[in-house]
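Participant: Residues per chain, in single letters:
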Amino acid sequence: MAFLTISLLNGISYGLLLFMLSAGLTLIFSMMGVLNFAHASFYMLGAYLGYSLTGWLGFWWALLLAPGLVGGVGALCERYVLRRVHRFGQVPELLITFGMSYLILEGVQLVWGRSSLDFRVPLALDGPLFTLFGTQFPAYRAFMMGVSLLMLLALWGLLTRTRVGLVIQAALTHPDMVQALGHNVPRVFTGVFAAGCALAGLAGVLGGAAFVTEPAMAASIGGLVFVVVVVGGMGSLAGAFWASMLLGLIQTFAVASDVSLMSLASGMGWQLADSSSGLGLWAIKLSQLAPVLPYLLMVVTLILRPRGLLGSRSE
Amino acid sequence: MMSRISGLGEPNNKRALSRGGAAVWWAYALVLAIAPSLFSSGLSQTLLSQMGIAIIACLSFNILLGQGGMLSFGHAVYSGIGAFAAIHSLNRITGGWALPVSLVPVLGGLASVLLASVLGWVTTKKSATPFAMITFGMGELVWAGALMFPEVFGGEAGVSGNRVAGAPVWGISWGPQQQVTYLIAAYTLVCTWLMYAFTRTPLGRMLNAVRDNPERVAFVGYNPQMVRYLAFVIAAFFAGVTGGLSALNFEQVSAEVFSAYRSGAYLIFTFLGGTAFFFGPVIGGVLMVLAFVLLSEFSRAWLLYLGLIFLAMVVYAPGGLASIIMANWQVARRGYLRRLLPMYLALFAGAAPALLGAAALVEMLYHRQLNAALGPTLTFMGLNLNTGGFASWLTCACVCLAGLGLFEAVRRGFVKRWELVQFDMAHPQGQAVE
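If you're matching them up, the sequences are chains A and B in order.
Read in order, the letters of the first sequence are residues 1 to 315 in the numbering used here.
Read in order, the letters of the second sequence are residues 316 to 749 in the numbering used here.
Hints in this document: simulated from the structure, not taken from any laboratory.
Ideal Cβ positions, reconstructed from N, Cα and C, are used throughout, including at glycine.
Heads up, none of these hints are tricks.
Label pairs and their computed distance ranges (CB to CB):
(1) Pro306(A) <-> Ser432(B): 16 to 24 Å
(2) Ser475(B) <-> Arg79(A): 48 to 56 Å
(3) Gly720(B) <-> Gly89(A): 30 to 38 Å
(4) Ala142(A) <-> Ser475(B): 45 to 53 Å
(5) Asn643(B) <-> Gly72(A): 38 to 46 Å
Extracted from the complex, chain B is given alone in its bound form (with noise of 0.2 Å):
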């Protein structure tokens, strides 16, 4: 276990967007448009407006991380300073300031980048590690001062305001969520293109530089300190905007947007969504949505789940699912998928059971501690297991272990046959003998 897959974790077709590019971009631009439409119930339009704001913090939290090589614990500060401003000028909108309502998340946008432009200069004085612990400390300097000033930040009641405020424009009040959720995915469409074009600006490029060797930008004659320091605001301007875009969706902000955990969550699932490539944080914050709306529902361990998988991928796969899909995707467009699907196929069949029979140990573990009360019975995937009971438990760890077992043997021999795949892929004259 102790090898990495080769071929995960480093980006190495950088023209993966590019080639295509322009009908990945269609295809996205026409799933914005028609999905809030299309999933009209209560619940979808949260997840869809959630979802839209949660891609957008991702992209911006991975200009720092996964292109900047800077690891932020206090990216909510920008997102929820976003948050206040454009709270508040809702509330002056209300009072007769005339601007759109539609235009609130570039405010909350440009109040994110007046605070970043003076907090990001002490911030990015540093980097790698030290930043890490800077940017944490002020998140926690934030969120401690936020709650001194009752009169801006509402203490712990927070800030509520009304987004359907001033004259409507083109019959847009604002008022039903649909509409909210269609001006989300405006911002997400164009948030979104907006950072891939900074990818491909001579900043963009510079960011990568200073990522990958700080010393050489500075021998070449550019400050390292400058390109995180402007990164660094660009970041924030996109994290204000998600503040804003989360403060018309739900018409209250509360000092809670500054907390370590929200900073927390933008760097657990960009991660897991996948930091070498632009596109992997669609996917984390898709997945951060899903985790905090749907799975949060579903099961009172979320929490250890998603700490488990998060250091299996941190380990494992660095890449996120970004570099999983894209590593695959070479090997479908070679043509070398069919010698890895059986394969595939066997894996899943050993971590089905292995993941299932954990997942009811841990389960039973926390019906045992947090519902008691409500006896020893618990129903887990239309099993009805007794944690009062010796069985259920053996049962369960035996399918578990049963599970690793075969997934085990399996991925062995899986490990193998990818490598001899990469190096066919890499060797196409010169086939090995398998």
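Only chain A is shown next, with the shape it has when bound in the complex (with noise of 0.2 Å):
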């Protein structure tokens, strides 16, 4: 109970912050067309700066703060290099958001060098919530998730009941229709780019005092967050939600599990008189098997459902 509990608590904190992540990233989608393949990197980013501006004004202005420089630099990159490429079509811009990528990893190298940092959680937040079934919480994943779902919130808020809402939901659909309505719809792609960023750049601030903060993690994370756009459906957010969410679970619980298809088989009864054969396949353990569950779970979407979870039919 205990074991089930806090993981769910784990996968759910987790969940949410990349639902964060994948939130900026669908949202630049349906809006511009474009994947951000950089998005990962400005989710390193935000966790380098606020590393550093940890240590000059302290956590809390770095969790203020470095999401807003994340979302400059962001929409640095939209106005003077993006847009550019923007109507020569999907596969430039790729391939400048994958050139940006590589530029931000070797920035970060070159200022942060290339080991890891000891970036930590406040000590305000450092320690247990509270305890149960005999087994600790931390606060600050609570902290975490608090962060996560009032920002969800705000953004909910923001893209619906808030005018400039109305103008984002309006461009993501018919941009000229708007452009001709005297809005300046190029500027809205900017303002959107660049809160995808921040977005980024905020989860960036939580997860790298939470994980590990090292030039790595974008690579690490990135293939997640496509995993859960394609799973969710390209373009929906709802959809990136529940997958985010259903990643983290799973994610949490195979790491925590040491559960192999040897110990399945001897718990149902069977005997494997060679364990060996097989390639070894039957003594794999579930926590080994957490890094390859989320492609896993990608081709198994794309077999049983090409569109994902809520995703329109349309490619």
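Dock chain one against chain two, each of which comes alone in its own frame, and use the hints as you go.
Facilitator: Here it is in structure tokens:
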């Protein structure tokens, strides 16, 4: 019971973090048709900036300022690089963001070095929040959940309840009409791109303190975010939400369990005569499988439901 | 700086290769036949063998990107599986299998076909952006999955083999590097020709149609997904051959062959070489080896340079080097190059100081970050730069800015002149007034 509850909470907090990343990616994708390959790089940039700002001003200022800085960098990238190739179609845009991910990685390694940083949770949030069935739940995890939920509520409110949100929603589907009505659609694009990057930056500050801050962090989470978007359905925010949750839970439960096919079989009363056959497949534990599970989920989704959980039918 | 130069990026002359095509092929074969003997030093053998492999790899990647419009972030999966199939069959040959070592790369290709016909079925369900994401996911899946089966993929250390296996055929034991380089050269020639032939088949033509207008292809009665799938499997075959060749070349394969970095390198260099023309990836393959073997020795900032060059290329010359060469070839063939030559010299006069100044700044920055223990002095192009002093930074920045200013001034004139030349070439009778 303890394992279940704590894993559930951890999974949800990780899922919310993933959603913060994939929400930005989905918004940018559905608005501009650009898959921002560098999205995870902005997450990494957020973590590194958060680390430096924590050193100068403290964690709370970092949490506030780092996303803003990352958003600013994103806006510059959109305005001066991405916009130049926008009319040439999807492949050049994808290539541009791919190149940007290279440059951000190189820049980060140049400024902060190649080894991992000692980015710690602030003292006020260090330690357990409560103890449930004898297992502690860290306060920082709860804080992560709180900030993510608050952010997402704010995003939802902005998109559905304000004038700006209405313009953004309209520009999603009818950019020419919105332009004709006198709104500056390119500026809306820049704003959405910056906001998406800022969300990634916020996730970076939160995640950087909770997990490891290192140059490989972009590559390791980038793949997961792609899986979320494919599984949830391209361009669907609600789909991205459920897929993030699913992925967060799967990852957390898999890492924490040491079930293997062999132990399952012996649990059901079968005794495998030769456990070394079958390329060692039988002996692989679920926790070892954890890094591959998201991608397996993606493959299964593509086979069973190519448009994703909540995606529309068109490609 | 907003407008791109016209004439770049569009394959505006499809017959460019077929006209005088035979001569080009003979020259290509001649280079491949002579180079391994002409350059016999250890370094050049290393370079040449890797270049041959990289050329096939980039050409096979271009079947997807250039001919099919499919941007793959996971092509290394297929070169990697070919490498593992090859190294395992090499070890079987050592153990007594009766298979000539020279055919091992083909086996690698077949293994790759097998994997691609399974994974490719899922991958090619989508096109465009979803395709790119799915290939990325597949790449991660195979890369992470490979580390889980140390019996097959050798874990972190990898699998090693010995290419001197079985009885020597015609006195060729594959021991000396030069023999392997020749084998790679032969494979390069045959594979290049096969891939060129593929572009002329009905399937190859359909692939171009799927790239340009999949809806219309479906409307005429073809299944775009099937066309993509077949092309994907064919591209995987050639990728597998490169894996087999590199297994023979290095006699060692580790799970690193599946890495996203390798897939990224295929993408970057195929693009730099040029996707719009068949021979573009050949340039890309040569550049890839030069960058990985030489540039990485020369500078620690080489990845930064590579990224910047790549971005500049995507923005200003999306057709890659091949399209720049072909556009100028067209101009030269019609006798218009004389009008552009002074402009080119002026452009170079601006670009050289701009690039050198920028490179000096980058090198100083890297030196400060990575080699601070070696003292503040950095030798760059025979110059001693003091990274601690203000003067060096200022001088380099001034050189860079002056070069940039000159370049930008000349560039504006150049673009106008270029457009005029293009116009004159398009309307030979009505000469435009200059």
